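2 protein chains.
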Amino acid sequence: MLLLEERIRRDGKVFPGNILKVDSFLNHQIDVRLLEQIGEEFYRLFSADRIDKILTIEASGIGIACIAAQRFGVPVVFAKKTQTKNIAADVYTARVESFTHGKVYDVIVSKEFLHAGERILIIDDFLAKGQALLGLIRLVRSAGAEPVGAGIVIEKGFQDGGDLVRQTGIHLESLAIVESMDDDGTIRFRH
Amino acid sequence: MLLLEERIRRDGKVFPGNILKVDSFLNHQIDVRLLEQIGEEFYRLFSADRIDKILTIEASGIGIACIAAQRFGVPVVFAKKTQTKNIAADVYTARVESFTHGKVYDVIVSKEFLHAGERILIIDDFLAKGQALLGLIRLVRSAGAEPVGAGIVIEKGFQDGGDLVRQTGIHLESLAIVESMDDDGTIRFRH
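Here the protein sequences come in this chain order: A and B.
Position in the first sequence counted from 1, then plus 1, gives you the numbering used here.
Position in the second sequence counted from 1, then plus 1, gives you the numbering used here.
Hints are supplied without guarantee of correctness; some may be wrong.
Any copy, or any two copies together, can satisfy a pair, since identical chains are not distinguished.
What the hints assert, rightly or not - In silico DSS-like links for lysine-lysine, alpha-carbon gap of 27 Å or less: (1) K86 with K22; (2) K104 with K86; (3) K14 with K86; (4) K82 with K130; (5) K14 with K112; (6) K112 with K22; (7) K22 with K130; (8) K81 with K130; (9) K104 with K14; (10) K82 with K22.
Source of the hints: derived by calculation from the structure; they are not laboratory data.
In this text, all values refer to a predicted model and were calculated from it rather than measured experimentally.
So here's chain A without its partners, still in its complex pose (with noise of 0.2 Å):
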């Protein structure tokens, strides 16, 4: 998505470490007319797949599900992070190991709210090592209900989760893959 990879060279921050920082448009101060954009463009490479609802992760997959999901006409549900001991009976769960933070948590998401049968779209913002979609994944499997597809902002193609979902067989759509960055600030994109 081209007007997303202009942004991402325009506004985006290379940090050592392969970090690539977002801030000002779409994790931390969020341009809505951006998300419009994206969420059209999820549109057109998903409708065909019959979503009956989209599914996030907290926190800053919400704005752009919600975007979405109003050019999809289906609700949103957004799994909740606890590293609570104790989980509810009445939740799916799985367990994700975040290597950002070095840390595991679950995710969780209410039984109410997924369904055998559904058609599900998983939407976020990055993907790098793949952990917190394989988990979404898992948890929508758990519920009887069907990982459809998988639409993501930005994919970091240096880092192997893109693979691993790939692998899965689910329709992953990312509209922009980083190929690498350098130091100086320079973003390559696949294409």
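Dock chain B against chain A, hints included.
The following block gives chain B in isolation, referenced to the frame of chain A:
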């Protein structure tokens, strides 16, 4: 807002201890069509206040703020909650005591995204004891920006947060004010 009151009556769940759960449409599963109506109502109530930016707090305020922001044509900034002891120098911060969760946390916003003179509308899902909202108001003022309004979806009118916030002189609008809840599930609204 009658549509919202009807939805709370129909789908809200009352639990002992004055707990009102609106998980099915507002803060776990999200009805984006309802959020569009809520955004429209916030626009009606606050458009005369010439808003430059909408500020909310993770996680459940984000969807509400983003869809309202589409109507206003302004960006959203969401404050992050942290319990980290080391607060960076490049953020505005306010300490908040959560009565619900019995802990103290900091809300932070990067100094890049709040500027002196900006007219800020704060949006959140719930107002009860008001500590989070009062923290956001302090945070906005510490940036030299002006917290001109606060838009709340559901206020618990039997708790003192609404009075505390109104005493600050800020234009506060709550779309539904719960006057009382009974253990049998009866909800009364203030008009």
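Inset, instruction - Measure nothing new, just compare the shortest in-copy and cross-copy C-alpha distances for K86 and K22 to 27 Å and report within, between, both or neither. - result: Answer is between: at 22 Å across copies they meet the 27 Å cutoff, but 32 Å inside does not.
Legend entry - Within, between, both or neither: K22, K130 at alpha-carbon 27 Å: Result: close within a single copy only, 16 Å intra versus 34 Å inter.
Legend entry - K82 and K22: within-copy, between-copy, both or neither at 27 Å Cα: Both ways: K82 and K22 sit 22 Å apart in one copy and 18 Å across, limit 27 Å.
Inset, instruction - Up to 27 Å between alpha-carbons, please classify K112 paired with K22: within, between, both or neither. - result: between (34 Å within a copy, 15 Å between copies)
Legend entry - Status of K130 relative to K82 across identical chains (alpha carbons, at most 27 Å): both (17 Å within a copy, 24 Å between copies)
Inset, instruction - Have a look at K14 and K112 and pick one of within, between, both or neither, based on CA distance no larger than 27 Å. - result: between (39 Å within a copy, 16 Å between copies)
Legend entry - K14 and K86: within-copy, between-copy, both or neither at 27 Å Cα: between (36 Å within a copy, 25 Å between copies)
Legend entry - Intra- versus inter-copy proximity for K86 and K104 (alpha-carbon distance at most 27 Å): both (14 Å within a copy, 18 Å between copies)
Inset, instruction - Go through the copies and call it for K81 and K130: within, between, both or neither, with a Cα cutoff of 27 Å. - result: So K81 and K130 pass the 27 Å test inside a copy (19 Å) and across (23 Å) alike.
Legend entry - Homo-oligomer pair classification [K14, K104; C-alpha up to 27 Å]: Result: close within a single copy only, 25 Å intra versus 34 Å inter.
This entry satisfies every hint, going by the numbered hints stated previously.
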